[in-house]
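Chains A and B, in that order, are what the protein sequence lines are.
The numbering of the first sequence is the numbering used here, which starts it at 52 and goes up by one.
The numbering of the second sequence is the numbering used here, which starts it at 631 and goes up by one.
A portion of the hints provided could be inaccurate.
Distance condition first, Cα-Cα at most 20 Å in a straight line; then the derived SDA-like pairs of lysine to any residue [claimed, not checked]:
1. B:Lys1334 <-> B:Asn731
2. B:Lys1186 <-> B:Val1171
3. B:Lys1238 <-> A:Lys92
4. A:Lys232 <-> B:Gly1312
5. A:Lys174 <-> A:Ile186
6. A:Lys92 <-> B:Pro1304
7. B:Lys1334 <-> B:Glu733
8. A:Lys73 <-> B:Asn731
9. A:Lys235 <-> B:Val1267
10. B:Lys1334 <-> B:Val1267
11. B:Lys1220 <-> B:Leu1151
12. B:Lys1461 <-> A:Ser148
By construction, these hints were calculated from the structure, which means they are not laboratory data.
The model shown is predicted, which means the values in this text are computed figures rather than measured ones.
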Amino acid sequence: MRNIFKITIVFALLLTAGCSTKYLDPVPQTSLSDLSVFDTKDRIVAQVNGMYDYMNSGAFMGGRFQVYGDVRADNFIPKSSNLVTNFASWNHTEVSSTNEVQNCWGQIYATINCVNVFLDGLKTNWDEGKLDGIITQDELDQYRSEGLTIRAICYFSLLQLYCKPYNQGNGANPGVPLRIKAMKSSEENDLARSTVAEVYTQILNDLNEAEPLAIEDYGDPVMNTTRVHRNTIIAFKTRVYLNMQDWAKVVSESAKIVSSSAPFTATSGVAFALNPSFTGIFEPPYATSESILSMPFTTTSTPGTQNGLPHYYSYLSSESYFLNTNPGLAYAAMDATDARKTSLLLSDGKYFLTKFSDYTTLTDYAPVMRYAEVLLNRAEAIVRAGGAVTQEAVDLLNAVRTRSFPTGGYTVASFASASDFYTAILQERSIEFLGEGIRTMDLQRLNLPFPAKDGGAMGTVLEIPPTSIGYIWPIPANELSLNKLMTPNQ
Amino acid sequence: MKKVLMILTLFLITGTLVMSQTVQITGTVTSSEDGMALPGVNVTVKGTTIGAITGADGKYVLSAPATAQALTFSFIGFRTAEVPVSGKTRIDVSLEQDIFNVEEVVVVAYGTQQKRDITGSVASVTGESVSKVPVQSFDQALQGKAAGVSITMPSGALNAMPVIRIRGYNSISGSSYPLVVVDGVPIATGNFGGSNSAETNALADINPADIASMDILKDASATALYGSRAANGVILITTKRGSGPRTKVTYDGYIGMTEPYHLFKMMNAEQYIEHKNKAWVNLRGESAPKFTLVNDKDGKPIDTNWADYIYRKGLQHNHAITMSGSTASTSYFLSVGYTDQQGIINKNTYNRKNARMNIDHKLNKFISVGVNVAYTNGLNKAPVTGSSFATAGAARLAFVLPPNLGPYKTDGTYNIAGSAIGNMGQPITNYGYYNPVAIMDLNKYTTETDRLLSTVYASIEPVKGLVLKTTYGMDNLTSEYTVFQTPLTGDGYGSNGYVYNQNQKFRRWTWTNTANYNVTLKEVYNIGLLAGVEEQRTTNVSWYGEAIDVADPFFKVYQGSWITPSGTGGGIGENYFISYFGRASFNYNKKYYLEGSVRRDGFSGLAKGKKYGTFGGASVMWNVSSEPFIQDAIGSVFSDIRLKASYGKVGNMSAVGDFSSLFLYSSGVYGSDPTLTFSQAGNADLRWESSNKYDLGLTFGILKDRIQAELNYYYNDINDLVLAVPQSPSKGIPGNSISANVGSMYNTGFELSLTSYNIVKPNFSWTTTFNFSTLKNRVTALAPGVTSLLGVTASLETTNKTVVGEPIGNILAVETRGVDPETGRRIYVNKDGKEVLFYFENSTATRWQYRDGSGVAPAITTASDAKIMGSPLPKFFGGLDNSLTYRNFDLNLGLTYALGFKLYCGSKAGLRDQRWWNNSVEVYETAWEKPGDITHIPKPVMNDNISNGSSFPISENIERGDYVKVRNLSVGYTFKKLPSVTNIERIRLYAQVFNAYVFTNYSGSDPEVSTNGNANLTPGVDRNTAPQARTYTMGLSINF
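Can you build the whole structure from these sequences, using the hints too?
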């Protein structure tokens, strides 16, 4: 019996032994706590890159945003009627619950909040002195300027899709909710729409604040293409003002980065210039002096299938979009010798872009803005501001046109009126930026209808006039149901 | 812990009370049936722990105190007898067989109890009833076996995880899946394979042939000892142990054939061409393109029934050998099993090898030790089997592809064009969908699991009645999921081939220490006390690699040569429970029962300072029939009547992640640079969901227990439901939601279980078991400001809506009212109740028109016009089993049923879609043609993807799901008196049909379906899901 008692005591001790608590407070090994993300400069820079990475999502600037800009307009016809690959955008049957309508909104606002959370943390930590010895004032300014610019790009992108153009009522129409505070909790679910004009004001405030804070040159072509610097901000302002039809501002902003005569370059900061070869812009390493801002991809960081530009434009894709060859559109308007036409690929009787050809790895950079656009923005604004076709405007247009079509240069005499010039500019932009998402913006900023299109087996789509409800996307259903102050597009 | 020691000391003192005067009593125990001696019978002096066990000759010798009033004789399978001593020194007893199983022992939390002493609500199912059913995991065979337990097979793919619901839905964001405990240790559950291919149910690692019993704990008093994991109910699995001095060897095996139960009847090539060309004309007039018949290599028109290439008759065979027995000190059970099953879908196979060893050994009078070790290797191979919208989904390809295309070109090569099927000169440039023959031949998806489930224990009984036990359990599950997609066509075409390998290591240890004391005082006060401490740590580590662009088409594995690695990653999860628990049960002379349990759980996933929660339950029972006045009144009819009531509060921790309370940043890359982004808005206040469960029960036996019944009413009020509180998308919060304990819901219902021994004769017996359950589920609160939650199928189709005041997961659709006879257009009803017709061929602006002729109407959408169209939760469900034996023949018929629910037959939208997709013959035969036609299928207009419900769900495709299923039908013959030289005790041969027939009006493949698996918010959706399998087997059981 004695042994039994001993064993019993051991057992009794075992019963009480299990109370170790070292496992009760585990620390995640694959994520960082919010308390440690401003501890080193590397982590702060990683957060800066994180903002770009949100924008770089396939649902936004990584591919789909540009695709919406083209397929809603007239130059393309889909191979597939798959709704996942934007068929509803193409035939203008989007409704508030259509996936792209909800997903794009969600991704853009996720990017905005990522920026807001970062800017908020950056300011708080700096003000509390926690960044002393970690980053300099210049670096603080640079990071802030990048955040502000990304936020401006986000709001500008939202206006393109979900709001009536500025020219309809000078921005008095409903814009989008302006979220400029960091959101981390359940508070402030409801926020009403600002007007289009108010959103433009915020965009310009952000860009104007960012411009003097920004770095001038990273000294590295890839960083100059994939991160925001001072000239990026100026270039983007020309696009913003062009959409507001503030021609004088387009002229004055573009003057900062466009030399007065050919060859046109930016003379301070990053030296923007046209790339000699048109096709070379879209080939590795993608970081030409013309590439103002592009979204980079690598084999381990891709936009994803059904998102990336190659999925939408490569002839290899079963869901790609090919060129609409009907008269009056970009394809028909190109000369047979134009590099932009000769670079097209004919497959199965259809013409495909080769700008985004890496269908296998989806690693083609997604262009956000090119210097060619700045030149054409400036050319158009000069004429619209002055009412007359000038040599400088024609030179700017020719710079872009004759790169690909050397014998196609215009003279001032080529244009009987300013209006002929506008037509030529619009056509040139339509040709030059095929697949880069500019076309819808061009139609809408000039209050032009989406022309009717015949997609053969994919059906026909009637003209969408600027007054039509289908001219812009509906507000997403989930925003309408959760944000009690949100109002639908009328 | 001081308390535990104090209790221990108390036990020791009471146990050492010494008896003085003794009397020796002897006797023989025999069986009343054949008069044979019964060895191993437990003989005890009533009200004490003094006892003896009969020897091989049935004899016993017992030293009883002079004060002994009576002896009790108990033996498994026999009714316990109580004989007054009255001064006798020789007591012989003849024990009656317990043919009505009233003395059954039931496994409960941390122990066992006699079925009649259970005060909570527990349903027991024997291992026998699942061991011979041709399924992959035992849970599939539990269907219809227990009241209140609803089991739904989601599809006919092998080893898909059944949807298990014990007394309804208990969570919204978390899991409603029960806790599964094997031999006392909570084990891993869930899917360890791919989500759409080679799904792998962790429960399949337990060989059904090793299971002795399954006990399902339903109310809070039964589950309270599992505390924060008890709310969804608990399934206790007990594996077999050896008994009896003779070594028993058994062989069980079957071979079988399985086939799809119900396939859709599709148009043939000629019908297809006629119908689709008509649709073209309806769209674009006579100039429209035309589909044509295409000739095969023999010059005959191709007429492909794609289902023939996708489904098959599969062969299955299964073998299990067991060896068991016991000596005076050791009992053992050894088993090996092998199963090899082909599924109804081509290339879908499941293979399992397993071995088990259960050994219990008495070191001496006081100390016992034991070990259970089970090892299983499972291998599941499958194509992309289903469900929803994958363009590679086998079930979908079986009916979407046109019959005038074939799998091969005339030169014998696959008919492919890039990733998709080749168009064979048809006017559709790009079909987009894959050639199923090519992708099933060339692509490969596998999940292999290796699992070691083991426990060791030691127990000591220092004094009679007090058992101290320590148990250490280990669940090591390693799985490897591999994907290969050919560069030739299909999903891998675009990336020039694709491979993905994922390894997952699930590790869990559980250490449980308990002290259990049972004592009877003054012969009538029966007391049971339990105290315990338990720790459980789980780690779940996974990593994966993927690559694209194969270097040479020879390589079909990740380890081959690939040009571009396209990603790596994985996850590390860990959590830990530390728990203290206790139970006290008391009954007065088996007449009045009282029981209470409590558990305090600490969980690592909760925020600092908020890690602990306390849970508990209590129950009472009154053995009404033991009251003399009741006996006198109705004792001639009712042999037993008991009333029970229980209440308890238990938790559900499943919605709390390992790190839910923390604000986290995760890392990625932008181009080539590292990133850090805000990825989780944590909630430090997050805690378990809590369930207040009430149960009222009545059990009774009629006609000497020939009929036994149990009736329960339950009410389960769930509070603090964790909900991902949706945030306005414009806030940009990661995932657009923040989790919080905000919701509430209840489940209530009645359950009836009946077992009737209709005929019990040596040569003829007939037993009927029946169960019937009702379920009423109501969501009573969602997040503040949120009145509904949408359920989305495969992130593409909004199919369900959960609304406060309604059952969870109601089906959402736009109301339609058939087809307008004048125009042939589907009649939609918009949010204002006005009827709207749809004209696909019109310009976008004029497609929707009011039926009353008042012009253009706003486009119909789910968001603005859909209504709730009913609940997919069956109001009534259960099962009915009949077992007959006549001489050497036996017959078993098992039915299951579910009534009073709606299903969304999304597949029907596809079957009627007017793109180039093939349609069911019904469309060919009944589509609208001319004014005046009364039909439910509108005028076919080419490319019309709206009129039949492809773009958004319409009520046309919502149907009643009510069914009665002949789940199991078997006949067997047993050879009993075999020559003794063979050493064979008996041989049983049987034939069985599993899923024999379904009585239903549902037009989809099978009303037992769940495209969205175990998801809480999207039940009742049938979207391109593989049909169920019907399996015929021939089996053989040999007992040596």
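What hints, given by number in increasing order, does this structure fail? Those not satisfied are hints 2, 3, 8 and 9.
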